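Chains as they are written, first to last, in our numbering: chain C, 1 to 143; chain P, 1 to 152.
Treat the hints with care, as some may be off.
[Said to hold, decoys possible] Here's a subset of chain C near chain P, in silico, CB distances under 7 Å, partners left out: (1) Leu52; (2) Ala57; (3) Tyr63; (4) Gly64; (5) Val67; (6) Val125; (7) Tyr126; (8) Val134; (9) Ala135; (10) Ala137.
FYI, nobody ran anything at the bench for these hints, they're computed from the structure.
These numbers come from a predicted model, not from an experiment.
For glycine and all other residues, C-beta sits at the position ideal for the given N, C-alpha and C.
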Amino acid sequence: MKVALLLLLISGMSVPMLGQKEPEESTARSILALEREWAEGQSRNDNRALNLIFDNALVYVEYGQLVSKRDYLARIKHESPQIATEAMTVRAFGTTAIVVGTYRESQFKGGHRDLKRWRFVDTWVYKKNGWVLVAAAAAPLAP
Amino acid sequence: MRFTTVLLMAVFAAGISSWAQSDADSATRSKIVALEQLWNQAYKSGDTKALDSILDDSIVLVNDDGSMQSKSEFLSSVKSSNLQPSAQQQQVAPESLNVNVYGNVAIATGVMRVKGVEKGKSYTRRERFVDTWLKKGNTWVCVGTDATPVLH
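Make the full structure from the sequences, and use the hints.
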């Protein structure tokens with residue numbers, strides 16, 4: 001009888017834990033898909049796609065400079081860097097998600113190919129119409 | 001007449017709600033500014049207990065050279081630099097700070113001037129940081145921080 005109660009208690013405890021894990025996994029899937037969408041959108045100069053996934057008050061840091069959403073989209077219109085993501089980890093905190101990872105950026109500049117490696121941290125927030133990127137920063141890594 | 005009254009009431013309610021929201025955002029901004037100041041002071045004085053209370057256990061911490069640290073690694077480095085002040089960064093002076101609020105999430109960004117000694121050489125550099133703060137229960141904790149050298 002005691003064993004049955006204990007089993008019932010354990011199963012009761014594991015259900016919420018499982019329930020907790022599922023939304024986190026689902027968040028991670030959504031965020032990774034958006035990160036891919038971002039990299040692809042950037043490579044295709046697709047400003048319209050990027051406009052939808054960036055919050056209007058996006059804080060974007062590049063080479064230590066703060067770049068507004070408008071300036072970033074304007075630059076991407078004329079540049080199409082090829083982004084190859086190496087690794088990404090998503091940490092979900094309810095309606096907030098932090099992504100940390102590294103990527104390689106390849107761009108044709110002044111007649112030669114420029115290669116860079118970056119470590120990035122992105123913050124996504126779930127708003128009325130879905131997940132939006134609210135902050136992104138990248139620090140250059142040794143190649 | 002009825003329509004006008006209803007419309008006025010709706011506009012008034014929207015105004016109240018927007019005012020309450022902006023009031024809450026303003027309170028959050030003040031709170032985050034205070035927490036950023038606390039972080040700087042605790043870092044300078046090597047107060048790992050204070051740092052422990054404002055950094056989430058699963059914080060994502062990226063340094064200006066792109067290296068990553070866990071919370072325990074960061075706290076250990078603060079402790080050891082406090083024991084050997086010449087070994088690491090010594091002074092952190094914030095130059096600017098801006099906070100964007102999204103309900104229970106806040107993004108703090110700014111520039112800080114870092115002075116220190118590394119391998120016997122003194123240096124001064126400027127770094128832009130982006131910190132993500134999250135309200136867990138009634139407490140704000142930092143869940144992500146990134147520092148990038150200001151190059152240009």
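Against chain P, run the beta carbon of C/Ala57 and see if the smallest gap drops under 7 Å. holds (5 Å)
Hint validation: C/Tyr126 versus chain P, beta carbon distance must be below 7 Å. Holds or violated? Hint on C/Tyr126: violated, closest Cβ of chain P at ~9 Å, above 7 Å.
Interface hint compliance - C/Ala135 to chain P, C-beta minimum distance less than 7 Å: Nearest chain P Cβ about 5 Å off; hint holds.
Against chain P, run the beta carbon of C/Val134 and see if the smallest gap drops under 7 Å. OK, holds: C/Val134 within 7 Å of chain P, min 6 Å.
Would you check whether C/Leu52 satisfies its interface hint, that is, whether its CB is within less than 7 Å of any CB in chain P? violated (17 Å)
Can C/Val67 be said to touch chain P, with a Cβ gap under 7 Å? For C/Val67, the interface hint is violated, since the closest Cβ of chain P sits about 11 Å away, which is over 7 Å.
A closest beta-carbon separation below 7 Å is what the hint needs, so does C/Ala137 meet it against chain P? Holds. Min distance 4 Å.
Quick check on C/Tyr63 please, does its C-beta sit within 7 Å of some C-beta on chain P? holds (5 Å)
Regarding the hint that C/Gly64 lies at the interface with chain P, is the smallest CB-CB distance below 7 Å? Since the shortest Cβ distance to chain P is 3 Å, the answer is holds.
Agreement of hint C/Val125 with chain P interface, Cβ distance less than 7 Å: holds (5 Å)
In summary, the structure is inconsistent with hints 1, 5, 7 from the numbered list given earlier, while agreeing with the others.
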